[in-house]
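Engineer: These are the residues of each chain, in order.
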Amino acid sequence: MFRQVRPQPQDITIYIDDRPCAARVGDLLANILLQEGMSAVHAAPNGTPRGPYCMMGVCFDCMVRLEDGRFEQACQTYAEDGLRIYLPVSVVDESGQ
Amino acid sequence: MTAGSHYDLVIIGAGPAGMAAGIEASRGGLRVLILDDQPAPGGQVYRHISQNAVRREAVPYLGGDYWSGQALADAFAASSAELWSESRVWQITGDRQVFLSRHGAAQSVSAGAILIATGAMERPMPVRGWTLPGVMSVGAAQTMLKTAGSGADGAVFAGSGPLFYLTIWQYLQAGFAVRAVIDTAPARMTLAQYWLALPALLQPGLLLKGLRWRAAIRRKTDYFVQATSVAITGEEQVTGLSFTDAGGKRQTIPAEHLFIHQGVVPNVSLTMASDLAHRWCPRQLCWHPRTDLFGESSVAGIFVAGDGMGIAGAAAAVSSGRLAARRIIARARGIALPMAPVWRLLKWRQAAIRPFLDSLFRPPDEWRVPQDDKAIVCRCEALTKADVAAAIALGVSGPNQLKGYCRAGMGRCQGRMCSLTIQKMIHDHGGQPEDKVGHLRIRPPIRPLTVGELAALANDDANA
Amino acid sequence: MQGKGSGFSAYADWTMRSAELWPTLSSELQELTGRDLGLEQEGGIHICLSQAEYDDRKARLDALRSHQNGRFHYEMLDRQALLDLQPDLGPDVVGGSWCPADGHVNPLYLLRSLHDGFLRHGGKVHSDAEVSDIASKTGIFTVTSRQGVVRAPRLVLAAGLGNRTLAPLVGLTQPVRPQKGQILVTQKTDRMIRLPMTLLRQTAEGSIMIGDSKEEVGFDISSTTDVMAQIAHRAERTIPALKHQQIIRSWAALRVMSPDGFPVYDQSLTHPGAFAITCHSGVTLAAAHALDLAGDIASGGLAHHLSEFTERRFNVSPG
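Those protein sequence lines, which keep their order, are chains A, B and C. According to the working numbering, the first sequence is numbered sequentially starting from 1. According to the working numbering, the second sequence is numbered sequentially starting from 1. According to the working numbering, the third sequence is numbered sequentially starting from 1.
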């Protein structure tokens, strides 16, 4: 599990799959997910789970879905009060693959 | 399509090269805009530095090299360069229009000159299991330390190179328990490397630092050298790492967190999408944009500085940013820039240690192309080495035709994680030199943007 | 399919023939290579965003039908009828045309399967083999390329825009020019597009392809923002929900265009045994090419119904 050397006071709430999670304004979303133990956030085309790998926006494996339907990289998204994200952990196409 | 404002210089990337160029150019009287995708300047090497500087004593573990960036960040903040943060540049054109997305909307600015300072990224490491949750790059571990002061106890590190040793040392300084360090570099230096080490003596501080980091690692962790045949185990997430140790014995180390590293390469997405000429560097095993001494690319008015022009470190990045800015200022004033031989010497001196490091930490072949047929080569499309090899066996003229056959390089990352791998696989199959095989063709947008954002740019001259 | 051949009924027939043969090609390739090409022939739509577009479309299709003696079926649909097929169409959509014979197939799977199938049939491919010379003597052609020299009694030039320089070597002209097309591709997403539309379709994997342009700019294949923005704008007007879809890449390539836009198929009179073939609809016509044209070439001469596609219709001087 990831832990912080000096945990900072948390002043806002974000929602991960509608579950409330305490956070600090400006926290990097990928850090929050990893500290919550969520190393898998979406699935590759063959169904295998994927999560943050590079933390700098080049691997595109930390995708999360925002409330407006857009997919965004968690390592390029910052926490604001009330932010809602959804983890597309299982992505199944119509043929069931 | 009308452009927005015009600037004398638009800099893309607020890392050391970009900041140095911004300071220099604005001091020289140019109207400068710097575009950066992060919330605050620093790039990757000085990421989050201004926020960390607020309580510097709370983050001593990042070390002196990191903190040496604070003066630069402060000087940049004090300069008259205009900064747009959280701005993603997705295209630049030959006539120097820069297209970006900012606050959810796409816009463009025009520039008298452009400086691309988008830096480097870690090279892809397609070993079996590298896509498993819980496996991250060593740079990612360092980014977590910088941005959240967070790390994982019991982590295992595998690979080699300056960033590798630095990050492990930072982890130890921060008080995280490092389970094991698996070093993939050869244990003994060759004669040629001793020879290359001579110019490195011009930078003794760097050499000593490296030795210090390695000594700490040897003391405080389970340290294995000369590891080969590395495979990451696990099904839904990482469970451990197997490798053959220096004595030929197979070892397995359990791990829930694994960090891997085999060096960094220039991030050429923007330079390639802009149709700048590139050359293959056999010493660093990566592509460099072709530039002159000052960093001007094959397209007039478009410059490159920093690690994006070739891996040389933060200090060299600052110099190259400054040099490019001076050239741009001189051109804006219609004067020549004197002392070219001096710049040439300074550049060489700052990068004197590079040939040594490049040789010592050259990524082993098994980290460039997997040994295991089931290892994932194209992460985005989940294609294994076997999948890609089958398509290469049909006969391909290069990575672009290969992409047509099997989709390698077509996913979200647009080849960042696989182009170097497939280039080597094609080379290994057919024998053509890697520089002839080439890189995947990169096109804008180099960062995703929505249909809506792009559509809104058409409103200027929209017809039915 | 729809809209192809307005003004040239032989082409409409040829395209129709290909559509009819497509299921056969698809299953033949699937059996040979094990790959499903993703062929769907459930019909397709062409969307019109103004009354003027609608009227123009109707006029073209009416003209086409009148050449076809009833073989070509289509329907003009009003907005409400289109909404039954694709419920989330934007307010600008006034109507469109629907053609039951329209469909799509995965062109990359097709390309790979054709290549793979060719190899399985014993064919040989020399990649990266730019041709520098073609000589002919006593009925044998000698082709010199970067990969060496090969000889054969029969030669087919199918080099697209490259046919311009190669065709004269065998007494033909092939007056083709490049026409640029740009498209946009989105991330993979849930199924949004129910039926293929001329300018909007969703692959089996989920990415949405948005097109396209027709630009006369020579051999330029760069992606340009003005065109990309127009393409995105039209797509958003067609289905507003597209506006949140992330574009992950653009693509541009050159169509092989003849002066009237229809294929050019010829056998050389001066160099018997040499053929030159080009078209810009290689995917649509793949079935006709594989299961009809190929047979003609193998047996030594183009069938009569293909004589309308000769380059001589352009009044070119003999090569």
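Please keep in mind that the hints were generated in silico from the structure rather than gathered at the bench. There may be inaccurate statements among the hints.
Unchecked claim - Taking lysine-lysine pairs in the DSBU-like style, the calculated list, with each CA pair at most 30 Å apart, reads:
1. C:K137 with B:K424
2. B:K436 with C:K58
3. B:K374 with C:K188
4. B:K249 with B:K347
5. B:K209 with B:K220
6. C:K137 with B:K374
7. C:K188 with B:K424
Said to hold, decoys possible - If the Cβ cut is set under 7 Å, some of the chain C residues that face chain B in the computed set are:
8. Q41
9. N106
10. D128
11. E130
12. V131
13. S132
14. I134
15. T138
16. S223
17. Q230
18. A241
Since this is a predicted model, take the numbers as computed values, not measurements. Backbone N, C-alpha and C define an ideal beta-carbon position, used for all residues, glycine too.
Engineer: Each of the hints needs a verdict: does it hold here or not?
Structural biologist: Results of checking the hints against the structure:
no.: 1; hint: C:K137 with B:K424; in the structure: violated (42 Å)
no.: 2; hint: B:K436 with C:K58; in the structure: violated (51 Å)
no.: 3; hint: B:K374 with C:K188; in the structure: holds (24 Å)
no.: 4; hint: B:K249 with B:K347; in the structure: violated (44 Å)
no.: 5; hint: B:K209 with B:K220; in the structure: holds (17 Å)
no.: 6; hint: C:K137 with B:K374; in the structure: violated (51 Å)
no.: 7; hint: C:K188 with B:K424; in the structure: holds (28 Å)
no.: 8; hint: Q41; in the structure: violated (23 Å)
no.: 9; hint: N106; in the structure: violated (10 Å)
no.: 10; hint: D128; in the structure: holds (5 Å)
no.: 11; hint: E130; in the structure: violated (10 Å)
no.: 12; hint: V131; in the structure: violated (14 Å)
no.: 13; hint: S132; in the structure: violated (16 Å)
no.: 14; hint: I134; in the structure: violated (20 Å)
no.: 15; hint: T138; in the structure: violated (31 Å)
no.: 16; hint: S223; in the structure: holds (5 Å)
no.: 17; hint: Q230; in the structure: holds (5 Å)
no.: 18; hint: A241; in the structure: violated (10 Å)
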